[in-house]
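*Asks:* Sequence:
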Amino acid sequence: MRAPRANWCPGSESPPFTWDADALRVPGQHTLAWEISTIAEGGAWRVSATYFAFGE
2 MRAPRANWCP GSESPPFTWD ADALRVPGQH TLAWEISTIA EGGAWRVSAT
52 YFAFGE
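In this text, residue positions in the sequence shown follow the working numbering: the first is 2, and each later residue adds one.
If you are wondering where the hints come from, they were derived from the structure by calculation, not from laboratory data. Among the clues, some could well be false.
Label pairs and their computed distance ranges (CB to CB) [claimed, not checked]:
#, residue 1, residue 2, range
1, 42, 17, 16 to 22 Å
2, 48, 23, 20 to 26 Å
3, 42, 10, 16 to 22 Å
4, 20, 43, 16 to 22 Å
Positions of the beta carbon are idealized from the N, C-alpha and C atoms, including for glycine.
Go ahead and model the full structure; you've got the sequences and the hints to work with.
*Replies:* Printed below as a string of structure tokens:
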């Protein structure tokens, strides 16, 4: 059985996921979707996203 917090320990540091998406270089609205499919019943997973854009 998987722990409700997926064996994550409160206070532990999780490395960020980073990527360079060419589609985000196009002006206009964009949508970010993220799915976590293996959470035990009653469990929860908090997710946040930050987007940094640098222009010329």
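*Asks:* Against each hint, give a clear statement of whether it holds in the structure.
*Replies:* Structure-based check of each hint:
1. 42 to 17: 16 to 22 Å: At roughly 28 Å between Cβ atoms, residue 17 and residue 42 fall outside 16 to 22 Å, so the hint is violated.
2. 48 to 23: 20 to 26 Å: With a Cβ separation near 23 Å, residue 48 and residue 23 satisfy 20 to 26 Å, so the hint holds.
3. 42 to 10: 16 to 22 Å: 20 Å, holds
4. 20 to 43: 16 to 22 Å: 31 Å, violated
The earlier numbered hints that this structure contradicts are 1 and 4.
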